[in-house]
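There are 2 protein chains.
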Amino acid sequence: MSVTIYDVAREAGVSMATVSRVVNGNPNVKPATRKKVLEVIERLGYRPNAVARGLASKKTTTVGVIIPDIANAFYAELARGIEDIANMYKYNIILCNSDKQPKKELTLIETLLEKQVDGLLFMGPRVTDEHLDLFRTASVPVVLATTIDPGCQLPSVNIDQRQAAYDATRLLLNHGHTRIAFLGGPLEEFAGLSRFQGYRQALEDAGVPFREELVQIADYRYETALKRMAHFLTLPERPTAVFATSDEMAVAAIHAYQDAGFRVPEDVEVIGFDNIRLASMVRPTLTTVAQPMYDIGAVSMRLLTKYMHNEKVTDSLVFLPHTIEIRGSTRAESKTAVATR
Amino acid sequence: MSVTIYDVAREAGVSMATVSRVVNGNPNVKPATRKKVLEVIERLGYRPNAVARGLASKKTTTVGVIIPDIANAFYAELARGIEDIANMYKYNIILCNSDKQPKKELTLIETLLEKQVDGLLFMGPRVTDEHLDLFRTASVPVVLATTIDPGCQLPSVNIDQRQAAYDATRLLLNHGHTRIAFLGGPLEEFAGLSRFQGYRQALEDAGVPFREELVQIADYRYETALKRMAHFLTLPERPTAVFATSDEMAVAAIHAYQDAGFRVPEDVEVIGFDNIRLASMVRPTLTTVAQPMYDIGAVSMRLLTKYMHNEKVTDSLVFLPHTIEIRGSTRAESKTAVATR
DNA sequence: TTGAAAGCGCTAACAA
DNA sequence: TTGTTAGCGCTTTCAA
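These protein sequence lines are chains A and B, in that order.
For the first sequence, position 245 matches number 244 in numbering that gives the first Met the number 0, and the numbering has no gaps at all.
For the second sequence, position 3 matches number 2 in numbering that gives the first Met the number 0, and the numbering has no gaps at all.
It is possible that some hints are incorrect.
It does not matter which identical chain is meant; a pair holds if it fits inside one copy or across any two.
What the hints assert, rightly or not - In the BS3-like style, the derived pairs of lysine-lysine whose C-alpha atoms are separated by at most 30 Å in a straight line are: (1) Lys29 - Lys226; (2) Lys102 - Lys226; (3) Lys103 - Lys57; (4) Lys35 - Lys103; (5) Lys35 - Lys305; (6) Lys29 - Lys305; (7) Lys58 - Lys103.
Keep in mind that the hints were calculated from the coordinates and are not lab data.
Required output: the full structure, derived from the provided sequences and hints.
Here is the structure:
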């Protein structure tokens with residue numbers, strides 16, 4: 000029923016190959032012929048079938064993207080970076096939410112591979128051997144974003160999570176705090192563990208004893224963090240500062256303290272992580288470790304295009320710089336005291 | 000190089016058709032044969048090629064989704080609803096950002112159609128004749144979400160924008176306000192205009208004169224809204240309440256007033272729109288018109304599956320209910336005074 | 001229950 | 001510069 004390349008060829012009095020050439024911008028076509036074909040295409044309303052093209056050429060110009068949760072501001076921003084660059088290179092993306100469930104991740108990878116994506120962009124809490132095995136069966140490049148596999152075999156784009164957490168903790172230490180609460184994500188996850196390690200290292204380097212009771216684990220969300228904060232507030236020796244590894248959790252920390260009658264940043268300082276829009280839309284505004292979310296997405300997609308086009312890649316492990324965005328939830332003096340080592 | 004259905008057939012000593020049957024769960028296969036084929040599939044690591052399948056069957060089990068901006072919390076939540084339901088029905092989604100640019104929207108539709116998506120889910124500020132013409136050339140169903148075409152020909156999922164704005168304005172009117180500022184989105188856009196109309200209607204019904212100077216248009220974002228708020232604050236007769244048609248803008252309104260020395264909700268009341276997570280993470284928490292964002296996405300995708308599967312559709316224009324979430328940016332008495340007509 | 005065979009619409013040698 | 005002709009890997013009648 001729909002118009003095919005064959006119809007166009009017949010109507011224009013040329014061969015399928017010629018039509019294919021003009022459709023694909025092949026220069027080896029006489030201008031007059033091109034013009035004639037173009038006219039017929041227009042007249043018939045011919046629309047190339049990308050599936051047939053994909054089968055014949057073994058390229059689909061679509062890449063698979065596996066992301067934990069697109070409704071999460073952090074990942075949404077990342078996804079935007081991915082899509083923009085994909086678009087720039089004429090790729091479309093098949094977007095899949097994994098909810099960080101390994102089973103679902105594996106199924107998704109399988110599905111995307113069946114759909115013959117030209118590349119895979121994977122975001123997930125952990126890259127296990129099962130993931131690696133599956134990736135190995137893929138004949139297309141895979142790039143990780145915001146994670147890294149244990150053996151560092153796969154190309155990936157990240158920030159230095161450990162260092163970022165170290166810097167954040169250091170800022171608080173520089174302000175004289177010795178009871179710094181750590182409100183982090185699951186330690187089984189790559190980022191969760193790295194940040195915890197950065198926090199501990201900073202304490203150790205500063206000669207401040209690590210205390211178990213100053214650590215609480217949540218799922219990066221406001222509601223959960225609010226509950227975890229209750230623990231800190233019942234402590235005989237209450238923390239005087241909080242390092243939360245997401246902005247939502249940091250806001251929860253602020254509210255928990257405020258509700259208990261404390262002022263932020265006068266009585267307690269709070270620093271978050273990510274720098275999502277929320278951070279600048281709350282009062283006090285949130286001091287936070289800024290991840291270049293959009294760029295992580297953009298760079299990882301760019302990296303993937305390089306692999307897909309067989310371009311030379313100098314470093315497959317890229318670490319983008321993070322910064323500490325000083326705002327209202329920490330005291331002003333901090334501006335001169337950002338830790339860098 | 001990669002294993003094909005033919006390899007499996009040869010290895011299992013059956014025909015391609017039989018392999019195809021077991022892969023697709025066709026019951027007309029002797030259990031013993033099925034078992035043998037399954038074994039070979041496993042052993043060879045056969046992975047069905049969905050592109051070839053798509054060409055042969057004319058079904059790709061992927062749908063195209065055109066969304067203004069996935070980095071926007073409202074659309075991100077919607078997208079999640081879409082993806083979840085798509086997934087439930089075994090579809091994948093190709094996600095495209097349009098930034099509300101008509102040109103880009105049209106190109107995207109064209110591209111998705113070329114990719115032979117089984118259906119299209121479109122979100123955009125306006126559905127023009129050009130859109131309609133393009134949709135008409137599509138041999139697959141199209142569903143609109145958060146918009147509606149002028150002729151109401153295309154199926155769509157929405158809330159009653161006009162009524163929602165009416166209700167919000169009414170709440171403020173019920174609190175005795177006569178100078179209610181309207182901080183809205185572009186009037187050229189479907190939602191922008193509908194909400195403005197609802198606002199005006201509510202004023203009119205209450206016998207409160209409409210005043211041009213109480214209207215400001217922004218792009219739904221915090222930063223822009225903050226600038227627009229300056230206008231209201233310089234007015235000789237300052238508005239005593241603000242109806243902002245996005246939560247980010249409502250938060251900006253609150254901050255603008257707070258920075259000018261006013262208290263919310265004591266001195267001025269503010270109501271937002273959407274009910275994104277931000278609304279409950281700011282202090283005061285935000286009273287807002289709650290759109291069932293996830294459900295709009297989910298229902299529109301479900302509707303699309305019905306069309307794709309040729310199921311009977313009773314109503315192609317669905318309006319999901321909205322509510323007003325009473326929180327801290329309006330005065331408590333309001334709880335008994337929600338407008339409903 | 002199984003197989004043979006004709007496409008699906010296009011690309012990509014290869015030849016002319 | 002153009003055309004011919006194999007496929008690409010699968011589904012789907014139609015027969016058997």
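These are the hints, each one checked on the structure:
When the C-alpha separation of Lys29 and Lys226 is checked against a cutoff of 30 Å, the pair qualifies neither within a copy, at 72 Å, nor between copies, at 57 Å. Within a single copy, Lys102 and Lys226 get their C-alpha atoms as close as 29 Å, which meets the 30 Å cut-off; across copies the closest is 47 Å, which misses it. Taking identical chains as interchangeable, the C-alpha atoms of Lys103 and Lys57 lie at most 30 Å apart whether they share a chain (26 Å) or sit on different chains (27 Å). Taking CA atoms no more than 30 Å apart as the test, Lys35 paired with Lys103 passes between copies only; the shortest distance there is 27 Å, against 50 Å inside one copy.
For the identical chains of this complex, Lys35 and Lys305 are neighbours neither inside a copy (36 Å) nor across copies (41 Å), given an alpha-carbon limit of 30 Å. Taking CA atoms no more than 30 Å apart as the test, Lys29 paired with Lys305 passes in neither setting, with 33 Å inside one copy and 47 Å between copies. In this homomeric assembly, Lys58 and Lys103 come within 30 Å of each other (Cα to Cα) both inside a single copy, at 25 Å, and across copies, at 23 Å.
In the structure shown, a violation is registered for the earlier hints numbered 1, 5 and 6, in ascending order.
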